[in-house]
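S.K.: Sequence:
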Amino acid sequence: MKETKSTCPYCGVGCGVIIQSEGDQITGVRGDPEHPANFGRLCTKGSTLHLTASAAVTRRARLLQPMLRAQRGDKPVHTDWDTALDLAADRFHAIVQEHGPDAVGFYLSGQLLTEDYYVFNKLAKGLLGTNNVDTNSRLCMSSAVAGYKMTLGADAPPNCYDDVNHADCIFIVGSNTAFAHPVLFRRIEEARAARPQMKIIFCDPRRTDTAELADLYLPVQPGTDVMLFHGLLHIMLWEGWTRPDYIAAHTTGFDALKAVVRECTPERVAQTCGIAKEDLFTAARWFATSPATLSLYCQGLNQSANGTAKSAALINLHLACGQIGKPGAGPFSLTGQPNAMGGREVGGLANLLSAHRDLANPQHRAEVAALWGVPSVPKQPGKTAVEMFQAAADGEIRALWIACTNPAQSMPDQATVRRALQRAEFVVVQEAFATTATCEYADLLLPATTWGEKEGTVTNSERRISRVRAAVPAPGSARHDWSTAVGFARRMQVRLVRHERLFDYSTPEQIWLEHRESTRGRDLDITGLSYAQLEAAPQQWPFPEGATAGRARLYEDGSFPTADGKARFAPVQYVPVAEPRESRYPFSLTTGRLRDQWHGMSRTGTLGRLFGHVPEPAVQLHPQDMERRQLQDGDLVHVTSRRGSIVLPAQASTELGLNQAFIAMHWGPEYLSGVSSTGEPLAGVNALTTSAYCPSSKQPELKHAAVKILKAELPWTLLAAAWLPGDQALQSREELKAFMGLFPFASCVPFSNDAPLQQAATRERSGVLFRAAAYEAPPDEVLQRLERLLGLAGADTLRYADRRRGQRRSVRVQRAGADQLIQGMLLAGDTRAESWLKALLLQELPAQAYGRLLLSPGAKAPVAVQKKGKQVCTCFGVDAPAIEARLAQCTGGPEERLASLQASLRCGTNCGSCVPELKRMVRAGAGFAEAA
1 MKETKSTCPY CGVGCGVIIQ SEGDQITGVR GDPEHPANFG RLCTKGSTLH
51 LTASAAVTRR ARLLQPMLRA QRGDKPVHTD WDTALDLAAD RFHAIVQEHG
101 PDAVGFYLSG QLLTEDYYVF NKLAKGLLGT NNVDTNSRLC MSSAVAGYKM
151 TLGADAPPNC YDDVNHADCI FIVGSNTAFA HPVLFRRIEE ARAARPQMKI
201 IFCDPRRTDT AELADLYLPV QPGTDVMLFH GLLHIMLWEG WTRPDYIAAH
251 TTGFDALKAV VRECTPERVA QTCGIAKEDL FTAARWFATS PATLSLYCQG
301 LNQSANGTAK SAALINLHLA CGQIGKPGAG PFSLTGQPNA MGGREVGGLA
351 NLLSAHRDLA NPQHRAEVAA LWGVPSVPKQ PGKTAVEMFQ AAADGEIRAL
401 WIACTNPAQS MPDQATVRRA LQRAEFVVVQ EAFATTATCE YADLLLPATT
451 WGEKEGTVTN SERRISRVRA AVPAPGSARH DWSTAVGFAR RMQVRLVRHE
501 RLFDYSTPEQ IWLEHRESTR GRDLDITGLS YAQLEAAPQQ WPFPEGATAG
551 RARLYEDGSF PTADGKARFA PVQYVPVAEP RESRYPFSLT TGRLRDQWHG
601 MSRTGTLGRL FGHVPEPAVQ LHPQDMERRQ LQDGDLVHVT SRRGSIVLPA
651 QASTELGLNQ AFIAMHWGPE YLSGVSSTGE PLAGVNALTT SAYCPSSKQP
701 ELKHAAVKIL KAELPWTLLA AAWLPGDQAL QSREELKAFM GLFPFASCVP
751 FSNDAPLQQA ATRERSGVLF RAAAYEAPPD EVLQRLERLL GLAGADTLRY
801 ADRRRGQRRS VRVQRAGADQ LIQGMLLAGD TRAESWLKAL LLQELPAQAY
851 GRLLLSPGAK APVAVQKKGK QVCTCFGVDA PAIEARLAQC TGGPEERLAS
901 LQASLRCGTN CGSCVPELKR MVRAGAGFAE AA
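Under the UniProt record's numbering, think of the first position of the sequence shown as 1, with each following residue one higher.
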């Protein structure tokens, strides 16, 4: 067995991993105990990386050959690389010649490596002469970038992860850190345990698992963060808690800010934000008077039409109190993706150039042109993400190159995005997975390598550069992203009759060395680094030539990268959400992450075990809102905004406030769909979200949309689920996508038997669950096709049909040793038996006692069934009832009860992602015990 050190491809924590492989197959993964980002820890997603690289996933989910569509709507056919790249170059060249370079656009990803990003940026801005290069990082980090530049002078997060060990107060705002950055959250838990006097403030409209660690929870109304931060500063000024000495020595612009916050009185702030005035004073006191205060923030601030102002207003607090430039203090923006930082470093955004240079700066453009050896870099600003797809929808951009991202799932206002993809004359999708929604729109599909196969570097949230290494060779004909970009660029050079040697790269290290040189003298100077040093250990920037180590914290000397060396207070104004709720759209919809999923789930969605914690899509509502609308858990509802509508089940949640709704960001058309009354396919959660964006950062307001929620009257319902052998589950899921457009509501998800993670390779089984609803029963032929696809057409299947009532039930039973087990089921027209039949299927319980009673229609099982509850621990498949039963036997305080629980059931002892939920259950159990 070979072991290869690399980096996790999920969130911005940037955990080190050790990949285990045999031959060309990845067989295991574990955390790298020497990597300073995680010291050996991995979350549920990272712990299962090797399973997403299995031979079955590669065969069924990966894009392995270049593929070409002769006509939109056709099934793509295989082609070779030379034909594919020649075609791409011909089409792009023709469009550039006829319509100019700004008629093409490149949409990239924060999951590309720094070397990939660099080549694409140079290709567009240096060779083609267009700044239409943007990235899905625009959707997650651009407001944080703009906020840092507005106040501190540079896009440089000033903190490091070790600061959580030195902070006396941690202010977590707009971040469900427990789910979005779970390994960092483990550090916070440990720091709190070591220093119980530490204060933790959590601010978010939802009471997520992150709130479980907080001493003070501020349930702000969506979009009111600037008002909150100004209100805190108002109190600090009134109480004398600011640092006049620091303000005078190291900042400018404080008087203008004071004039703005003067009107933000505690009474006004409490009313606007929906929080208690007393809590405002407590938060202000802890933040200002603690020896060291650290803020952690993420998409709750960034994904806003006022996102830059939110970020700047938070940084104002740190400057006003001198809470920056020392251990445990500072505004720490948590990066969403594994290399959003690297993309910013190479200038992979429409308004940036290499090494944090600004496109609008003539000197910066000249410097980059000289570095690249080109006459000039265009000064016309490029189209950012929302603008790019709007321009394509309007016919202004005629060719799109999409690499390593899935805009047909992740971009807001999907109606516009789909119109853009349909209207564009030529769409290239460079992708590792063939299953994404965007692949359906591609004229040309180019297979890319992915985690475990790539070589290069990434930069995490704390400015730490890590090596990404290949453990196995690329499958099929997949190529590295930088190599594909170089191949295309060289062809374009020939067609454009350009003779410069712009893309003379044969290794990623050569690209990185050019990037390194671009940083000389800049705030992120890494001229003192080499690939050899990064092979030895990850390093933080800046690391200039002659340095022996990177810098853990920035601005310790009070000097900032501005013209006068001082930080700048930003007198930003409070602006409400772009789309306030009102009588026609009375709910505030927010989106966010699930614990065990990642983005559009092209990778995590290949594993049924990662659906255990949240098995199916739903919209969460406050219980009182459910009651007022006479909704029960599982009732289907129409969720409608001004842009679109989707149908999905409702679910009560006490995490939400009144008039709020939550849908996980992951539920795109690959898993949640249907068809509208006009015949249009439904597009998942981002059919609802708004493309309104921050004027400074151009980041869209994905965190808020005004919606209405109405019960869906779809009387005919269907549930079909089956265990499937080998990799057939992945294949069947792809084939089931064709059925999703036959119903007003449809969802399709995988499931597994929750084998312990260590036994997953040998004991794990996979299956598929398909759910649908309609106004009336579909033709029999549709149900028969479904049965065949799920293995319910054989002689071992029990059947019942009532065509007049549109009802059909099929249950396949197979002998397993002394038992008979259900292998698959279909309930159509009457799904009341779902609860107990699904329990028999998913829990693999003996079914021989039932016989033909398995076809009984009622909600009550003919023979009692012990049903599992909600899964809490993914690693060991432990559900809530098992935890509650064990807690009933535990004694002692919360820590003792948690330790006893973990010792007996092992939940929370592997990755630890479920620990916040376990702690909440421990506290709830203690309350019940005291009440009894």
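A couple of the hints might just be wrong.
Unchecked claim - Dumping the calculated DMTMM-like pairs for lysine to aspartate or glutamate here, alpha-carbon to alpha-carbon at most 20 Å:
1. Lys2 - Glu535
2. Lys711 - Asp727
3. Lys870 - Glu535
4. Lys868 - Glu884
5. Lys838 - Glu535
6. Lys2 - Glu34
7. Lys326 - Asp523
8. Lys711 - Asp802
9. Lys566 - Asp523
10. Lys870 - Asp635
11. Lys860 - Glu834
Stated by the list, open to error - Ranges between beta-carbon positions, derived for each pair:
12. Gln422 - Pro586: 28 to 34 Å
13. Glu535 - Gly565: 52 to 58 Å
14. Thr507 - Gln25: 40 to 46 Å
15. Glu884 - Ser530: 53 to 59 Å
16. Pro586 - Asp780: 28 to 34 Å
17. Gly794 - Ser677: 33 to 39 Å
If you are wondering where the hints come from, they were derived from the structure by calculation, not from laboratory data.
For every residue, glycine included, the Cβ atom is placed at its ideal position computed from N, Cα and C.
S.K.: Please flag the earlier hints that this structure goes against, numbers listed from lowest up.
M.R.: Structure breaks hints 2, 3, 5, 8, 13, 14 and 16.
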